[in-house]
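Protein chains in written order, with this note's numbering: chain A, 1 to 173; chain B, 1 to 102.
Rather than coming from a laboratory, the hints here were simulated on the basis of the structure.
A couple of the hints might just be wrong.
Okay, the calculated beta carbon distance ranges per label pair [stated by the list, open to error]:
1) B:V70 - A:G106: 38 to 46 Å
2) B:R87 - A:Q90: 21 to 29 Å
3) A:V66 - B:L81: 15 to 23 Å
4) B:V70 - A:F70: 19 to 27 Å
5) A:S148 - B:K89: 31 to 39 Å
The list that follows gives simulated cross-link-like pairs (lysine-lysine, DSS-like), each with its CA atoms no further than 30 Å apart [to be verified]:
6) A:K91 - B:K89
7) A:K79 - B:K89
8) A:K79 - A:K91
Virtual Cβ for every residue (Gly too), placed ideally from N, Cα, C.
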Amino acid sequence: MATVIFYLTAIVAILAALAMVLSPNAVHSALFLILNFCSVAVLYLLLRAPFLAAVQVTVYAGAIMVLFLFVIMLLGAEKADLGSEPVGWQKPVAILLGIVLLVEGGFVAYRGIRLPDMTAAQANDIGSPITISSVLFSKYLLPFEIISILLLIAIVGTVVLTRRDRAHLREEA
Amino acid sequence: MNDVSTNAYVLLSAILFTIGVVGVLTRRNAIVMFMSVELMLNSANLALIAFSRARAESDGQVITFFVIAVAAAEVAVGLALLVSIFRAKQTTNVDDVSTLKG
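Bound-form chain A, shown alone (with noise of 0.2 Å):
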């Protein structure tokens, strides 16, 4: 059963991935990208991870692929960026690295990992937003208080980053 939900969920990840890549419009693009979180989400909670799967739903899923529709709509940039291309040769060089990256991830994946496959039991509570936080708040306590000075200097310089010039705006009023 698991191994028919991984497969399922797997495939429309790829896929939804590839639309990604592929689809000229951008706001199409957003939204396969949410479609390819959600299935990712999926594969959490296989993995035993419940509560890193409501995050991954409502933090990107939700809240950061918002803000890029958003920014999206805001813009107008939509349209596709499919015609120019100043430098002919890029696109099938950048196909060719993707396929020899993969054959390496590939090998890795089935070759270099000698991991042994634990049983339920053992993995059963790990997941659990118990555990996390226990291991957050204290293992991880310092990297935690650092994840919250990064987000306040994220939202400063977003302001910056988008404050209109003082001197601007009065020579336009």
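Based on the hints, put chain B in the right spot on chain A.
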């Protein structure tokens, strides 16, 4: 309940990462390039959680939590940069923004 092996998850993660890399290399719309970067971060998260299950430790999931937080900050700043560039140049095509001169 028989589980899917960690190798299968890592292979899926490699496929998604490669699609993200090809997206960054082939697309010229800055917003779509950003979304491809998000796809790559997401595939790394998938591998981390698969390793976390294989080792039966929560550390991988906590690191994934941090990656999601950093990605949120990165997206906010990146999109603010895009809005600022669009105001100056009226484009999101990265080939049109090749000069440093404002």
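- Query: Between B:V70 and A:G106, does the C-beta distance stay in 38 to 46 Å?
  - Reply: 27 Å, violated
- Message: Within 31 to 39 Å: is that where the Cβ-Cβ distance between A:S148 and B:K89 falls?
- Response: 34 Å, holds
- Message: Hinted pair, alpha-carbon criterion (30 Å max): A:K91, B:K89. Please report holds or violated.
- Response: Distance of about 25 Å is within 30 Å: holds.
- Taking the CB of B:V70 and the CB of A:F70, does the distance hold inside 19 to 27 Å? Cβ of B:V70 to Cβ of A:F70: about 20 Å, so the range 19 to 27 Å holds.
- B:R87 paired with A:Q90, Cβ distance criterion 21 to 29 Å: 28 Å, holds
- Message: Holds or violated: A:K79 and B:K89, Cα atoms, limit 30 Å.
- Response: The hint holds at about 16 Å.
- Quick one, are A:K79 and A:K91 close enough, alpha carbons at most 30 Å? 19 Å, holds
- Item | C-beta pair A:V66, B:L81: status relative to the range 15 to 23 Å that was hinted | For B:L81 against A:V66, whose Cβ atoms are near 18 Å apart, the range 15 to 23 Å holds.
Going through the hint list in order, the structure does not satisfy hint 1, though it satisfies all others.
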